[in-house]
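Visitor: Each chain, written out:
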Amino acid sequence: MAEPAIELQRCSYRYEAAIPALQEVSCGIRAGTWAAVIGQNGSGKTTLAKLCNGLLRPDEGRVRILGQDIAGQPVSRIARHVGYLFQNPDHQIFAASVWEEVSFGLRNLGFLAAEIEERVEEALALFGLEPYADHPPAMLGYGLRRQVTVASLFALRPPVLILDEPTTGLDWGATQVLLGRLAELHGAGHTVVLITHDMRLVAQRAQWVLILHQGRLLIEGPPRELFAQTELLARVSLNPPPITRLAQKLRTLGMRGDSLTVEEFYRDYAAVKGEAQS
Amino acid sequence: MRSLWEALFGVGPLEPVITIQNLHYAYPPLTAGAEAPPVLKGVSLSLSSGECLALLGPTGAGKSTLCLTLNGIIPHLTGGTFRGEVWVAGQDTKESSPGELSQRVGVVFQDPESQLFNMTVEDEVAFGPESLALPPNEIEARIDEALDMMAIADLRHRSPLALSGGQKQRVALAAMLAMRPQVLVLDEPATSLDPAGKASVLEAILRLRRETGMAILWVTQDTDQVPLVADRVLLLAEGRILLEGKPKGVFAQAEELRGRGLALPQMCELARHFNEREGTDYGWLRVEEAAHDLAEAIGG
Amino acid sequence: MNTGFDLYVSRDSWLNRLDPRTKLAFVGVSFALLLLGNHPALLAGNLVGVHILLWTARIPSGRIGWLWGRMWPLTLLILLLWPLFYPTGEPVLWAFWRIRITVPSVLQGVSAALRVDGLAFAVFVLLVGTDQARLVQGLVRLGMPFDWGLTLAIGLRYLPLLYGVYGTITDAQRARGWAAEEGSLVTRLRGYVPTLVALVIATLRLSDTLTLALAARGFQPGSPRTARHPLHLRPADWWWLGALGLVFSATVGLRLGRVW
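Residue numbers (our numbering), protein chains in the order written: chain R, 1 to 278; chain G, 1001 to 1300; chain U, 2001 to 2260.
Simulated from the structure, these hints should not be mistaken for lab results. Cβ coordinates follow ideal geometry from the N, Cα and C atoms, glycine included. Among the hints, a few may not be true.
To be verified - Listed below are several chain G residues computed to face chain R (Cβ distance under 8 Å; list not exhaustive):
| no. | residue |
| --- | --- |
| 1 | Tyr1027 |
| 2 | Leu1163 |
| 3 | Ser1164 |
| 4 | Gly1165 |
| 5 | Asp1293 |
| 6 | Ala1295 |
| 7 | Ile1298 |
Can you build the whole structure from these sequences, using the hints too?
Guide: Put into structure tokens, the structure is as follows:
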């Protein structure tokens, strides 16, 4: 049984106002999992994510990363193990060149110059940023700025990656590139946690899904099981992707009703049609 | 409702309210003397009263730039090199100021935070009419009208800062509606919102379609929603219009769309999957269409 | 989310109903009175009067307490230090070595403290009884260009947002390994540069988008505008302005006449 990469034990957090952002949330994400955290804005997704790298400390409860309680450790130390990508690339870009921006984290964490050189080159290559290495990142278009911040995160190669809505505002092509790179990291054993609103993405890639609602963990599990819970999803105003909704509509005709992708749906359909004809 | 529209604006339904002919545009270069790459390279399109046109395209295609040419911000506030013609509600945008054009075209931008700058929703919706120097009782009437149309009358005295993303965008829409534009340009209004916010904005657009004769230019990345709302679809890539037509026709051109980095609506992908394997000719865009056809296919 | 630097208390009280220009005049006359007047009893009376005004305007005591919470350290400091630094006159209350505490200097310290408090409360009356939009409108009617007023109003509205952005940027850089607390003073100061640069860039982007939004809303600098609720001076305003005028002339006259 793989050790949980991220474990929250009855964590609560309250911002200055009276409303609690997170109430007694307990969850575990196993190492090497690709997890998705979904829920409406205000449900506590970002709070949960920030508890995982020490940006916020729980009022109650404990947070363990890779088996260790992170309570006493400064954020800069936790950053070695947990990489965090903020939603808006413009909330971190500052450097005079893309190279400098991508190397920022590595320099902070004290990597040697040769290692920094190698990792930055690699990260730039992964995202097609080599032509822009000397450009100021702030002057690039939105899609490229997003890629610069992702490259900056990738260069650190942390065991756990948390990304807050990395695909919002990206076109589909850029989204697929990003997901492809994440899949490579995931394949190499990294734990990936994605906060997202994109249900097609969740259906396509996530192995484990957590649904938050009003500061509580409503349910967690594999996407297939969660998307089947139609009343629960309706209650929190979430919709499964169109293909899953279609499959659910055709359940009465014998289809399994839990398809997550177009290919799966077709296989299910072909099987049912074959049976109906025989 | 439509005849009232004609009486107010003198433009009947189905008459072009936007005409763009051979538009070329490049922003001014960052350093003097440098070459500025053109962002729009010969765009032509027309949009009629009552029509909703969905504008798709990869990031950097020039969609936001195109939106800004419609209310005169380009070229009047941005400078740059502008060639071609843009006619909005009978006015040439080169000749009219953005202030004048704002009475004919409303633009709602993607970021809910940075387009609301007043202390209350009421003040926000009043700002446009106040800028047009309308008399106070007219301003009040327009505020009521706009808030009702967007179903946010209960938010009248709230601060825009305290609202949800979906509510903020509805306030932005109301603020534009108070100018009584004939054209509404929506530049990815729901992209940065959560699912509830996206649904709220979609509902608002549908309501505008039903209850007004406005022409709507809707820039969006969410192709699943397009068939629910749009009459026509345009694909803009690298400053040119590559595809144009009804949703079914445009989404049938899968290779072109995928090659440009755009997703098909998932039902459209499913239809292609079926057509390749079963030799059928499905053209589904919506879940209901597919459910209907497949139920027949299995059952019958 | 907090709505920023807004002291305004929304009530339907006589204070809220007064024209903002009247309230600005109140601040102006108060300042004149406080700077010209000297006698502690007068200044104390002014402060008491202001509190009565606030009470009749149904301003919650919590708000008044908030201002006192910020003023008392300064008040105390003035009360303690003034007699130490400006010993004058007779009779002497207490003497030790070279420190002389005299009655007149204590009274002057009290006056100075009350003056500072009075100034703060005068502005407080204005801000607590006038919402930002009306205040800007009042200033514009008095001759300030609308663009300045809009800049002021937008600035106030966006300050909390920018403060939030600063917090986010700080978090983002810390999540990339920036250790704000470590190193020498120089190292720590230099460590803030990425955060500050990112904030400046974000602010510039915000102002860009705001410009587009303003233009899209028909705003043209220098063009005539109307106001949804135009300002009118009502009878209550004229009474107040008259009273303030009287108080002002009396103050100046009595001061010139060296009554105190």
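Visitor: Could you run down the list of hints and mark each one as holding or not?
Guide: Outcome of the hint check:
no. : hint    : result
1   : Tyr1027 : violated, 12 Å
2   : Leu1163 : violated, 11 Å
3   : Ser1164 : holds, 7 Å
4   : Gly1165 : holds, 6 Å
5   : Asp1293 : violated, 11 Å
6   : Ala1295 : holds, 6 Å
7   : Ile1298 : holds, 5 Å
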